[in-house]
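A.B. asks: For reference, the chains in residue letters:
Number of protein chains: 2
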Amino acid sequence: MVEEKEIVANAGQEQVSKKGAKKQAKAAKKAEQKAETAANIAAADAGDGAIDHAAGRYGLSPMIQSQEKRSERVFVAVHELSNHVGKGLLWLRGRLHTSRAKGKQCFLILRQQSSTVQCILAVGDVISKQMVKFAGNIPKESIIDIQATAVSVPNKIESCTEQTLELCVEQLFVVSQAKAQLPLQIEDASRPENTDDAEGLNIRVNQDTRLDNRVLDLRTPANQAIFRLEAGVCRLFRDILTEKGFTEIHTPKIISAASEGGANVFTVSYFKDSAYLAQSPQLYKQMAIAADFDKVYTVGAVFRAEDSNTHRHLTEFVGLDLEMAFKYHYHEVLHTIGNTFTDIFKGLRDKYSREIEAVGQQYKVEPFKFLEPPLILEFAEGVAMLRGAGVETGDEEDLSTPNEKLLGRLVKAKYDTDFYILDKFPLAIRPFYTMPNPDNPIYSNSYDMFMRGEEIMSGAQRIHDPEYLIERAKHHNIDISKIAAYIESFRYGCPPHAGGGIGMERVVMLYLGLDNIRKTSMFPRDPKRLTP
Amino acid sequence: MVEEKEIVANAGQEQVSKKGAKKQAKAAKKAEQKAETAANIAAADAGDGAIDHAAGRYGLSPMIQSQEKRSERVFVAVHELSNHVGKGLLWLRGRLHTSRAKGKQCFLILRQQSSTVQCILAVGDVISKQMVKFAGNIPKESIIDIQATAVSVPNKIESCTEQTLELCVEQLFVVSQAKAQLPLQIEDASRPENTDDAEGLNIRVNQDTRLDNRVLDLRTPANQAIFRLEAGVCRLFRDILTEKGFTEIHTPKIISAASEGGANVFTVSYFKDSAYLAQSPQLYKQMAIAADFDKVYTVGAVFRAEDSNTHRHLTEFVGLDLEMAFKYHYHEVLHTIGNTFTDIFKGLRDKYSREIEAVGQQYKVEPFKFLEPPLILEFAEGVAMLRGAGVETGDEEDLSTPNEKLLGRLVKAKYDTDFYILDKFPLAIRPFYTMPNPDNPIYSNSYDMFMRGEEIMSGAQRIHDPEYLIERAKHHNIDISKIAAYIESFRYGCPPHAGGGIGMERVVMLYLGLDNIRKTSMFPRDPKRLTP
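Heads up: the sequence lines are chains F and B, in that order.
According to the working numbering, the first sequence holds residues 145 to 676 in order.
According to the working numbering, the second sequence holds residues 145 to 676 in order.
Okay, chain F solo, but in the shape it has when bound (with noise of 0.2 Å):
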């Protein structure tokens, strides 16, 4: 590798002299002879052998090794353009988005995450046609230094975000080669999903060709946006819940027993002996709460090893967790879990518009509506909705997937709301740790909460009396000795308390729209897919 700096076109500002231009340019030839990925980029002596005089001011870069700091040289960012027009040289780094060369010009479009910019580089003084033949042979998606002024144009150009500038390039350096042929375009992965082409090109990137090139994948303007949004969902939900006092633990994932009966856990070897994956943080999120911590949450990893192939599950997935000590009244959490969700969408709403609307150039998604505060039904109300809509459901009978979905048109329909909460489920249906209903023994103090007619949160008032705790999992048959160090916990004294685990992906996906919870996990992980 070390020789491949003497190889490649001088990256310095200086002349060089034919003599010396020509030696480099043969070495130039040599270094793409060996490099596979290079073979397509025109060398500087490519054509008719005449003087270059703009050797020196394009090429291949040496691999940026930390050799010099080169500290005088000041970026420029895209969408910052347009406070320099007019301000002399500037330098920028970005992707070739894509490049054309046409006769004495070529125009390239640079791209910075999800702002582009013209580039335009004509055969004069300054640039050679030598140098518009390499620009215009550089592989896609490669990384690029360009030294360029930036000027104004009286004509909009439509197909950049930056549209009332371009960039006169004087020197222009590939810093990182992309491979000639790419598995997907980024222009195909980006195309609008419900529109018709007039011209017929409707190109589409389909899931798995997407999730198998994710590097590529996630460089589209919704991709970009989608996970920026996803840190914005995490940001919002740890600091309002910090400011209501909640403090963030860190739980297990690799704990000794089945959290929830043993279904559908993966097992881990664990040195001689088994070990399980975590199906959720609860046990220790309700520890923290016997341990004085109050109110507390976590963000984490949380696995499922349920053989489920749906637009909704993944086996590996991030739960937004929390659990709070309450004084009389589970509604008090409840009432504190349903203000975080209509804080979290007023966030989004406020801070995160530029990212819904980039992902809404992609995908055509109606805004997500919300009440303030938000809507509660019991679950009786929700079942006497779906059979006032002709549905037959029993009282304690669970929501398939497509009553909870006509239940959400139904909410919307009546009350102009994408997010509600249902409360009061039927205790039967329910796990043991669940506290029943005390005022009606086939209901329980437990609650769902649904975006766009998904379930994306589930939690309820714990048991916290460890007697009690007893009787209700000898109910559920459960063996008493493998969950004695859970109700352990609750013989030191346990204040009453309640919680509830997010889907994270989930919230993501509704919030947006989507169909495919794979669109916003950034790794997605189900029973088929492990890679990359």
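Since the hints were derived computationally from the structure, they do not count as laboratory data.
These numbers were taken from a predicted model, which means no experiment stands behind them.
Don't take every hint at face value.
One copy or two, it doesn't matter: identical chains are merged, so the pair holds either way.
Claimed, not checked - In silico lysine-lysine, BS3-like type, Cα no more than 30 Å apart, as pairs:
(1) Lys-388 x Lys-471
(2) Lys-626 x Lys-416
(3) Lys-471 x Lys-273
(4) Lys-277 x Lys-471
(5) Lys-672 x Lys-549
(6) Lys-618 x Lys-246
(7) Lys-508 x Lys-495
(8) Lys-213 x Lys-388
(9) Lys-558 x Lys-213
(10) Lys-388 x Lys-490
(11) Lys-471 x Lys-495
(12) Lys-213 x Lys-490
(13) Lys-471 x Lys-213
(14) Lys-323 x Lys-672
(15) Lys-323 x Lys-277
(16) Lys-323 x Lys-618
(17) Lys-388 x Lys-495
(18) Lys-672 x Lys-416
(19) Lys-300 x Lys-248
(20) Lys-626 x Lys-323
(21) Lys-231 x Lys-388
(22) Lys-323 x Lys-471
Dock chain B against the given chain F, drawing on the hints supplied.
C.D. replies: Okay, now just chain B, sitting in the frame of chain F:
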């Protein structure tokens, strides 16, 4: 459980008739006999059978099942009591820290996390003999509700954090009763480590007893402070990096291939296949960089199947990881990380002084010293300092743990800092993806950072050129086919980048000067411990 609602002393505010009181007292007695844990609480009619004029103002509360909202009861926090002196009756919920009945009086200490206040019950118009006896028999660590007035006291109460006031109790109910026999006493678990007790009562609680009973152990003032400060470390890490333009990402913990060669990795059964637990999010952070996220961080579980039973190794810990594209020199990243640490230390010093002080009450520790900007030494300088101190060590030899600690002491003596950065580690002792130093091939563009002489983060410039990465992997005799996906990530253009991984628990341990990482992991995992 439902019947228990009727048999405990009435938690309402009305006076009950003599007949009612007797019936209730009898019922309370029955409840006691039933509930094993209630056995040592005196029932209201214990003693001479006299009329109890305090009946209804104390007793075991029914299990709080969200029967009522009681929103009229406003609770006051112990640490806010000084604002409520002489302002009438207040409600407080907390733990019974200690109780001492003496004739016609009973002194309780009520605890809320780290705050404590003295409460007094004295037989008189409001309080009965029976009520004093009841109070004296409540097991320590039970959760209680009291109604009381706050009054100033002439002499400082040394045993409480509220030293200028006490509470005159008028009502007292047990919300959640602790077992009478606790596996450890909070007072023992809170006792200062390095003091000699004149009375010879040097009872300490050993590490395993603490961890086996973590729900109790975590209630000590030092532990309450440690985990609040730990939450602060994460919060500062994220806020500082977000401010610098970093985006949070989430990386999968279940991976298809062992990230660093296959040693020390936990195996997971994944449906019909095997998978592994990620030893580091590094590959995914790098992919995020190759996918144009520019600067990323992630906070999450990291797994090491190392059979190391030391004071500083865990098999599962929380990684604070970051990765950043740079322009020309990895020192752009090194300085970013170094300054992030300085900002974290400043944030802890400024915002967590109460927590630091609370830890200092139990563990004697020197304040943490740091320089701004942080000290950066080259590895070779560190070797020279060690040799100057008489240690024999080779130029390309890794630092042994004793040498690491010695160097920390030498640096502290010379520069008066507990934090420093060691730059340019020998290439031979770093992983294959580490970028060699361009100036001297025995060194590399890699660095470790140290707190109080122990390594808390390791990082490097990574090789972003796929051909060079293959060359280096071959040099390390790594099977290229097994890292094909990793190499492939760099074939579509990737900016030069560097990053590192920080062990959260180590940062907290060393910032506070604690001696064991199990003190800073809420539920630690090591080769011998998987519970609780």
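A.B. asks: Each hint: holds or not?
C.D. replies: Here's how the hints hold up against the structure:
For the homomeric pair Lys-388 and Lys-471, the shortest alpha-carbon distance inside one copy (16 Å) is at most 30 Å, but the shortest distance between copies (41 Å) is not. For the homomeric pair Lys-626 and Lys-416, the shortest alpha-carbon distances inside one copy (20 Å) and between copies (26 Å) are both at most 30 Å. Taking CA atoms no more than 30 Å apart as the test, Lys-471 paired with Lys-273 passes between copies only; the shortest distance there is 29 Å, against 78 Å inside one copy. Within a single copy, Lys-277 and Lys-471 get their C-alpha atoms only as close as 74 Å, which misses the 30 Å cut-off; across copies the closest is 26 Å, which meets it.
Proximity of Lys-672 and Lys-549 under a CA criterion of 30 Å is satisfied intra-copy only: 26 Å inside one chain copy versus 47 Å between copies. When the C-alpha separation of Lys-618 and Lys-246 is checked against a cutoff of 30 Å, the pair qualifies neither within a copy, at 79 Å, nor between copies, at 43 Å. With identical chains, the CA atoms of Lys-508 and Lys-495 are at most 30 Å apart within one copy only, with a shortest distance of 20 Å there and 45 Å across copies. In this assembly of identical chains, the alpha carbons of Lys-213 and Lys-388 lie at most 30 Å apart only when taken from different copies (20 Å versus 45 Å within one copy).
Taking the shortest alpha-carbon separations for Lys-558 and Lys-213, only the inter-copy value of 29 Å comes in at or below 30 Å, while the best intra-copy value is 62 Å. In this assembly of identical chains, Lys-388 and Lys-490 lie within 30 Å of each other by CA distance both inside one copy and across copies; the values are 17 Å within and 24 Å between. Only between protomers do Lys-471 and Lys-495 lie at most 30 Å apart by alpha-carbon distance; the minimum there is 29 Å, versus 34 Å within a single protomer. For the identical chains of this complex, Lys-213 and Lys-490 are inter-copy neighbours only, at 28 Å across copies versus 43 Å inside a copy, given an alpha-carbon limit of 30 Å.
Taking the closest pair of Cα atoms, Lys-471 and Lys-213 come within 30 Å of each other only across two copies (8 Å); inside a single copy the shortest separation is 59 Å, beyond that limit. Proximity of Lys-323 to Lys-672 under the C-alpha cut-off of 30 Å is restricted to the intra-copy arrangement: shortest distance 28 Å within a copy versus 49 Å between copies. Taking identical chains as interchangeable, the C-alpha atoms of Lys-323 and Lys-277 lie at most 30 Å apart only when both belong to the same chain, with a minimum of 18 Å there against 83 Å between chains. In this homomeric assembly, Lys-323 and Lys-618 come within 30 Å of each other (Cα to Cα) only across copies, at 22 Å, whereas the closest approach inside a single copy is 62 Å.
In this homomeric assembly, Lys-388 and Lys-495 come within 30 Å of each other (Cα to Cα) both inside a single copy, at 20 Å, and across copies, at 17 Å. When the C-alpha separation of Lys-672 and Lys-416 is checked against a cutoff of 30 Å, the pair qualifies both within a copy, at 29 Å, and between copies, at 10 Å. When the C-alpha separation of Lys-300 and Lys-248 is checked against a cutoff of 30 Å, the pair qualifies only within one copy, where the shortest distance is 23 Å, while the shortest distance between copies is 90 Å. In this assembly of identical chains, Lys-626 and Lys-323 lie within 30 Å of each other by CA distance solely across copies; the values are 21 Å between and 55 Å within a copy.
Within a single copy, Lys-231 and Lys-388 get their C-alpha atoms only as close as 48 Å, which misses the 30 Å cut-off; across copies the closest is 26 Å, which meets it. With identical chains, the CA atoms of Lys-323 and Lys-471 are at most 30 Å apart between copies only, with a shortest distance of 21 Å across copies and 62 Å within one.
In this structure, only the earlier hint numbered 6 is contradicted, and the remaining ones agree with it.
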